[in-house]
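Enquirer: Go ahead and model the full structure; you've got the sequences and the hints to work with.
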Amino acid sequence: MRKRILSMVLATFMVASLLVGCGGGAGSANKVGVAMPTKDLQRWNQDGANMKEKLEAAGYTVDLQYASNDIATQVSQIENMINSGCKVVVIASIDGDSLGTVLEQAKEKNIPVIAYDRLIMNSDAVSYYATFDNYMVGTKQGEYIRDALDLENAAGPFNIELVTGDPGDNNARYFFGGAMDVLQPYIDSGKLVVKSGQTDFETVATANWATDAAQSRMDAIIAANYADGTNLDAVLCSNDSTALGVANSLEANYTGEWPVITGQDCDIASVKNMIAGKQSMSIFKDTRTLAAKVVEMVDAIMKGKEAPVNDTETYDNGTGVIPSFLCEPVFADINNYKELLIDSGYYTEDQLQ
368 MRKRILSMVL
378 ATFMVASLLV
388 GCGGGAGSAN
398 KVGVAMPTKD
408 LQRWNQDGAN
418 MKEKLEAAGY
428 TVDLQYASND
438 IATQVSQIEN
448 MINSGCKVVV
458 IASIDGDSLG
468 TVLEQAKEKN
478 IPVIAYDRLI
488 MNSDAVSYYA
498 TFDNYMVGTK
508 QGEYIRDALD
518 LENAAGPFNI
528 ELVTGDPGDN
538 NARYFFGGAM
548 DVLQPYIDSG
558 KLVVKSGQTD
568 FETVATANWA
578 TDAAQSRMDA
588 IIAANYADGT
598 NLDAVLCSND
608 STALGVANSL
618 EANYTGEWPV
628 ITGQDCDIAS
638 VKNMIAGKQS
648 MSIFKDTRTL
658 AAKVVEMVDA
668 IMKGKEAPVN
678 DTETYDNGTG
688 VIPSFLCEPV
698 FADINNYKEL
708 LIDSGYYTED
718 QLQ
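In case it helps, the numbering used here puts the sequence shown at residues 368 to 720.
Simulated from the structure, these hints should not be mistaken for laboratory data.
Since the structure is predicted, the reported quantities are computational estimates derived from the model, not experimental observations.
One or more hints might be untrue.
What the hints assert, rightly or not - Taking lysine to aspartate or glutamate pairs in the EDC-like style, the calculated list, with each CA pair at most 20 Å apart, reads:
hint : residue 1 : residue 2
1    : 454       : 420
2    : 454       : 663
3    : 660       : 673
4    : 454       : 491
5    : 454       : 430
6    : 406       : 653
7    : 454       : 423
Claimed, not checked - Ranges of calculated distance between the beta carbons of each label pair, as one might list FRET restraints:
hint : residue 1 : residue 2 : range
8    : 590       : 514       : 29 to 37 Å
9    : 622       : 697       : 30 to 38 Å
10   : 552       : 697       : 23 to 31 Å
11   : 597       : 568       : 21 to 29 Å
12   : 467       : 569       : 21 to 29 Å
13   : 423       : 517       : 46 to 54 Å
14   : 424       : 517       : 45 to 53 Å
15   : 677       : 567       : 29 to 37 Å
16   : 568       : 409       : 23 to 31 Å
17   : 597       : 468       : 46 to 54 Å
Ideal Cβ placement from N, Cα and C applies to all residues, glycine included.
Expert: Written out as structure tokens, the structure reads:
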């Protein structure tokens, strides 16, 4: 009897060891890789934390990695996820064109890839895309400036400057395009004037969405165009880190009336600026909503089903249209930030003081 029990224990141990050794243990079978670009921007910390929490609550093991905005680091992290038994990989890319080679490895191992918030370009290994409606983000920013300046009725002209995001982030073009589709007719008619003359995407882009880069560029714009007291009426900023740079520059160099400034992500520093009257609005993309949708997508994939999508026409990554789920953004300003950000539990009141 004792010999039989010993044999059973030994057999169980050998089976367990074999499963672990081939990556087939329970943890590996339910393992999801989540690759985030950086911890330098608050929104990515929240995205990563929200996704990890919701995936773990759904029973998955999560390998969450941040790449410090270094492409080689992100490629290495994704490669490790592929080789360590992740069954699905969720990627918010640093540069949407830089992952083709490593994603070929995922394709070879039949590992589905979900592009998260930033579309991964020129790779047929991308299975799905989950994001907010990025064109709508820009549209809402442009509409906010239109309504704040009452461009439909006011005589003008009004002075505006344009600041968008990283040229390697495909979303930046959607943000900028959505906003400019609203604002361009007023620029063409002369009601809006870009005194710097800087209007094309490449010129107004901000590498890595960096606050200091946006601040430095705005310093130069103010010195050349607004140092004599000329009024700046609005600054289109595609996100909060660039808006923060613009606000910092204005505080240091500008003497006119404070302009309308847009933003995105509702970072704490920018919400504080909003409360203080230094930023007019910020697009609120509740990462809890997006994280919950990604969990649904992962869960469907793990169960051999099609992931839920609501857009099969818009986002072509160069190899074809990627089935996408688009969440709807809203904007926060001084009138509704408490309801959107505090009452919903996204922030506590203490965090915004």
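Enquirer: Within 23 to 31 Å or not, the Cβ separation of residue 568 and residue 409?
Expert: 25 Å, holds
Enquirer: CB of residue 597 to CB of residue 468, is that within 46 to 54 Å?
Expert: The hinted range 46 to 54 Å holds for residue 597 and residue 468, with Cβ atoms some 50 Å apart.
Enquirer: State, for the Cβ atoms of residue 423 and residue 517, whether the hinted interval 46 to 54 Å holds or is violated.
Expert: 49 Å, holds
Enquirer: Taking 20 Å as the top limit, are the C-alpha atoms of residue 454 and residue 430 close enough?
Expert: The given pair, whose Cα atoms are some 11 Å apart, holds under the 20 Å limit.
Enquirer: For the range 21 to 29 Å, tell me whether the beta carbons of residue 467 and residue 569 fit it or not.
Expert: 23 Å, holds
Enquirer: Does the Cβ-Cβ separation between residue 552 and residue 697 fall within 23 to 31 Å?
Expert: The hint (23 to 31 Å, Cβ to Cβ) holds, given that residue 552 and residue 697 are roughly 24 Å apart.
Enquirer: Would you mind confirming whether the straight-line C-alpha gap from residue 454 to residue 423 stays at or under 20 Å?
Expert: Within the cut-off at roughly 14 Å; holds.
Enquirer: Hinted pair, alpha-carbon criterion (20 Å max): residue 454, residue 420. Please report holds or violated.
Expert: It holds: about 18 Å lies between the C-alpha atoms, which stays within 20 Å.
Enquirer: Does residue 663 sit within 20 Å of residue 454, going by the straight-line distance between their CA atoms?
Expert: 15 Å, holds
Enquirer: For the hint 29 to 37 Å, verify it against the beta carbon of residue 677 and that of residue 567.
Expert: Given about 32 Å between the Cβ atoms, the range holds.
Enquirer: Sort out whether residue 491 lies within 20 Å of residue 454, counting only the CA atoms.
Expert: Measuring from Cα to Cα gives roughly 17 Å; hence the hint holds.
Enquirer: Is 45 to 53 Å a correct range for the gap between the Cβ atoms of residue 424 and residue 517?
Expert: 47 Å, holds
Taken one by one, the earlier hints all hold for this structure without exception.
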